[in-house]
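Number of protein chains: 2
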Amino acid sequence: MNGLELDQHYMKMAIEEANKAAAKGEVPIGAVIVRDGEVIARAHNLRETTQNAVTHAELLAIQQACEELGSWRLENTILYVTLEPCPMCAGAILQSRIPRVVYGARDVKAGSVDSLYRLLNDERFNHQCEVKENVLADECGGLLTQFFRALREKKKKRKLL
Amino acid sequence: MNGLELDQHYMKMAIEEANKAAAKGEVPIGAVIVRDGEVIARAHNLRETTQNAVTHAELLAIQQACEELGSWRLENTILYVTLEPCPMCAGAILQSRIPRVVYGARDVKAGSVDSLYRLLNDERFNHQCEVKENVLADECGGLLTQFFRALREKKKKRKLL
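Line order of the protein sequences matches chains A and B. In this text, residue positions in the first sequence follow full-length UniProt numbering: the first is 1, and each later residue adds one. In this text, residue positions in the second sequence follow full-length UniProt numbering: the first is 1, and each later residue adds one.
Since the hints were made in silico from the structure, they are not lab data. Take these hints with a grain of salt, some might be off.
Partner residues aside, some chain A positions facing chain B, computed with beta carbon under 8 Å [to be verified]:
1) ASN52
2) CYS66
3) SER71
4) PRO87
5) MET88
6) ALA90
7) GLN95
8) PRO99
9) LEU119
10) PHE148
11) ARG149
12) LEU160
13) LEU161
Since we're looking at a predicted model, the values are computed, not measured. Using N, Cα and C, we set each Cβ at its ideal position, and we do this for glycine too.
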């Protein structure tokens with residue numbers, strides 16, 4: 001596989017994670033962390049299930065990866081995530097020194113890698129990341145559009161009952 | 001107690017937490033979350049102990065508070081923290097909808113509430129916070145200065161041996 005094919009391969013795993021979230025009624029966002037070609041963490045958004053505000057897919061994956069490597073420094077890793085990270089998750093990426101981040105769709109409302117801020121490329125911080133966006137973006141974004149459309153229809157039906 | 005005295009009262013608890021961190025060889029930062037005058041969470045930085053990149057004082061306190069309240073929405077709460085939050089922790093404050101944040105010293109290197117960014121007052125996000133800085137700032141900052149000075153001296157001594 002070439003570079004793009006590899007990125008798509010791992011993004012598909014992140015999409016699988018996002019689908020697991022959707023099946024639980026969670027906003028479908030998934031993340032995977034890879035090191036030397038090995039998947040060391042995979043997680044999906046669990047905010048409603050856990051009622052814990054910080055259980056975004058990326059944060060859960062970062063914690064798993066730290067446990068797996070026994071270190072808060074996630075050197076030589078790549079984080080794949082279906083949606084552009086929010087400030088909390090972008091900050092967690094900086095904290096864990098992840099060198100490369102690949103994401104699917106942009107998040108125009110809270111995305112802090114390209115949309116509202118460029119937190120992963122601010123030279124005032126002690127870490128910067130290589131970033132690649134737009135990998136299987138239509139599929140990643142489509143999951144979210146579909147999820148929110150279904151949610152709105154459900155709410156409408158409830159009102160009619 | 002008036003408003004300032006109350007803020008100082010809870011900041012002292014956050015400083016106690018920071019001291020617990022220092023005793024473990026951790027960078028001394030502490031946080032407390034209060035709701036209706038009751039302390040519902042208190043935590044200190046545990047990054048080295050846990051080897052988990054996201055175990056900052058604020059993030060641990062937010063998770064405790066979510067568990068305590070059984071909700072990811074920390075309504076009617078105040079977060080006290082000895083140091084200006086980093087992007088990850090500022091993001092977690094937004095995610096958990098904490099309405100008020102009180103902090104001690106500024107963090108000129110990574111602070112994202114006033115120093116490098118003003119993440120808690122960006123109207124593009126779906127939440128903003130009331131922020132108060134500079135509460136027992138000298139004491140809060142002094143703990144950090146003292147910690148890093150001791151660390152440098154320790155390293156020097158090691159080199160001489």
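Okay, the hints, checked on the actual structure:
1. About 5 Å separates the beta-carbon of A/ASN52 from the nearest beta-carbon of chain B, less than 8 Å, and the hint is met.
2. Satisfaction of the interface hint for A/CYS66 is found here, the shortest Cβ-Cβ separation to chain B being roughly 5 Å, below the 8 Å cut-off.
3. Nearest Cβ of chain B to the Cβ of A/SER71: about 5 Å, under the 8 Å cut. The hint holds.
4. Interface restraint check for A/PRO87: the shortest CB-CB distance to chain B comes to about 3 Å, inside 8 Å, so the restraint holds.
5. For A/MET88, the suggested interface contact is upheld, since its CB lies about 3 Å from the closest CB of chain B, less than 8 Å.
6. This hint holds: A/ALA90 has a C-beta 6 Å from the nearest C-beta of chain B, less than the 8 Å allowed.
7. For the restraint placing A/GLN95 at the interface with chain B, the shortest Cβ-Cβ distance is roughly 4 Å, inside the 8 Å limit, so the hint holds.
8. A cut of 8 Å between beta carbons decides the hint on A/PRO99: the least distance to chain B is about 13 Å, and the hint is violated.
9. The criterion of a C-beta within 8 Å of any C-beta in chain B is met by A/LEU119, whose closest approach is roughly 6 Å, and the hint holds.
10. Interface restraint check: A/PHE148 against chain B, minimum CB-CB distance 14 Å, threshold 8 Å, status violated.
11. With its C-beta approaching chain B no nearer than about 20 Å, A/ARG149 sits outside the 8 Å limit, and its interface hint is violated.
12. Checking A/LEU160 against chain B by beta carbon gives a least distance of about 28 Å; that is not within 8 Å, so the hint is violated.
13. Violation of the interface hint for A/LEU161 is found here, the shortest Cβ-Cβ separation to chain B being roughly 27 Å, above the 8 Å cut-off.
Hint violations for this structure: numbers 8, 10, 11, 12 and 13, all remaining hints satisfied.
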